Amino acid sequence: MTSKTFNVILRVWRQAGPGREGRFVEYPARGVNPDMSFLEMLDVVNDEIAARGEEPIAFSHDCREGICGTCSLVINGKPHGPNHGVASCQTYMRSFKDGDRIVVEPFRARPFPVIKDLVTDRSAFDAIQQAGGFITARTGSAPEANSVPVPKEVAELAMDAAQCIGCGACVAACKNASAMLFVAAKVSHLGLLPQGQPERDRRVLAMVATMDGLGFGGCTNQYECSAACPKLISHDFIARMNRDYAKALFHSAFRPAAAGGAGA
Amino acid sequence: MDLVRNLLGSTIGKKLLMAATGLVLIAFVTGHLVGNLQVFENPDRINGYAHFLQSLGPALWAVRVFLLACAAIHIWAGTVLALEDRKARGDEPYAVHKWIDAAVSSRYMRWTGFVVLAFILYHIAQFTVGAAQPATFKENIGHYTMTSDYRVMGLTVVRAGTEVLDVRSMVILGFRRRVVALFYMVAVGLLSLHLLHGADSLFQTLGVRSHRWERGLKAVVAVFCAAYFLGNLAIPCAALLGYLH
Ligand code: FES
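As they're listed, the protein sequences go chains F and Y.
The first sequence stops at residue 264 when you use the numbering used here, and every number in between is there.
The second sequence stops at residue 1245 when you use the numbering used here, and every number in between is there.
Keep in mind the hints are simulated off the structure, nothing from the lab.
Treat each hint with caution, since some may be false.
Covered stretches of chain Y (chain F as the covering partner; in silico rule of three or more C-beta atoms under 8 angstroms from a C-beta of chain F) [to be verified]: (1) 1005-1011; (2) 1103-1114; (3) 1175-1183.
This structure is a prediction, so every number in the text was calculated from the model and none was measured.
Backbone N, C-alpha and C define an ideal beta-carbon position, used for all residues, glycine too.
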């Protein structure tokens, strides 16, 4: 396929390290092929920067096929760029036109400190996940497939939630830097399935407490998160988590205590 | 104890409090408007109604204290959350920011909230306490003699011939002041805008909302807010334009 190449100007956030002063630097990107991904275009620009003996632009990437959640750019004011339901790595240069000035910033949120340039530390998500995003069950040999029946609609809904790749675009898009969509997806994913039931209350309470403790903001129901989500996770899961949380609070307040017999 | 700690301490807990108190306050402002629309009927109606409410004594105070507590919790939770949210965003703002989907009403909740608070304070000062515009306060203008019975649910609560405060004249005279009427109109407009996001949003926070009835809910809330706005607009407008005597 022959495509006409074009030129754009990048305005990129450069920051030497954590807590250091940052600033925007402009780089021309010449001869851009419209079929390049945004990250490939950055690679080409980086080659030129490196050839000049300067420090290339640091940005996060891994799978480059929209499934790992590592890429994390805010492109022209929108996390993951102009398209709906697409990660930065799957954003192609055909979404831009000749002469565009493209502003590229890191995800901004207090719990996501900038490590360098466009790279942010999103380990806060791991901490939330570790607080309850699992089931305590025997691992090992796979159980017989039909031993725990799961209705199809429930399985599908759980898989919708499980689509979350944990990129953090929801936090980046939210004016409150709230992680509600991420946490809601993780809470719902397991909370919908039979295997997740025993720890359902504990999970939502622990994950929300960790989310709050890490300094993420609250939800003001504006749904910028689901609009920016590359996996189009629905904010219905946030309502579901709110309901789960209220139920868990109620349960924990009226939990009967066991009498404590043998083995207690 | 965990319940209280989580309600007051967590983001979702505070949101639940905001939603619950918001629901109470919406119910109140709706009832308040319906009661006040009696101003368009025979003076016996609104004056009898006001007299009846005043005669409730301790019950009236119980309701007032409850409503004030709800408003206080709503404001407290909103303020704490807003400060936490601002802190979470961090020091370095985005150079370019674009709203993707957020409803316009949702972007100005804090500002509409502030104006509504100022409005409520003035409203109480004017019609309940008599600190603002004392010349037209109900205690300072002539009494009104009921010409018919005022009934609530078939029960006569204020008899014909009773001397009652002339609330109707207070409202009409109060709104003859153009600045005051204008302030009311702007304030109820902003309150309606506040409710446009709030009334829709509280369902999400209470966890009873999904895409299946998202659009239906939005439509119901929009109709409610429009009706609420027009109803509230009618009173100062009619007074200002001289339709009410
Ligand atoms: S690099 Fe893996 S999702 Fe973009």
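Status of each hint after checking the structure:
1. 1005-1011: Result for this restraint: holds, n = 5.
2. 1103-1114: holds (count 4)
3. 1175-1183: violated (count 0)
The earlier numbered hint that this structure contradicts is number 3, and it is the only one.
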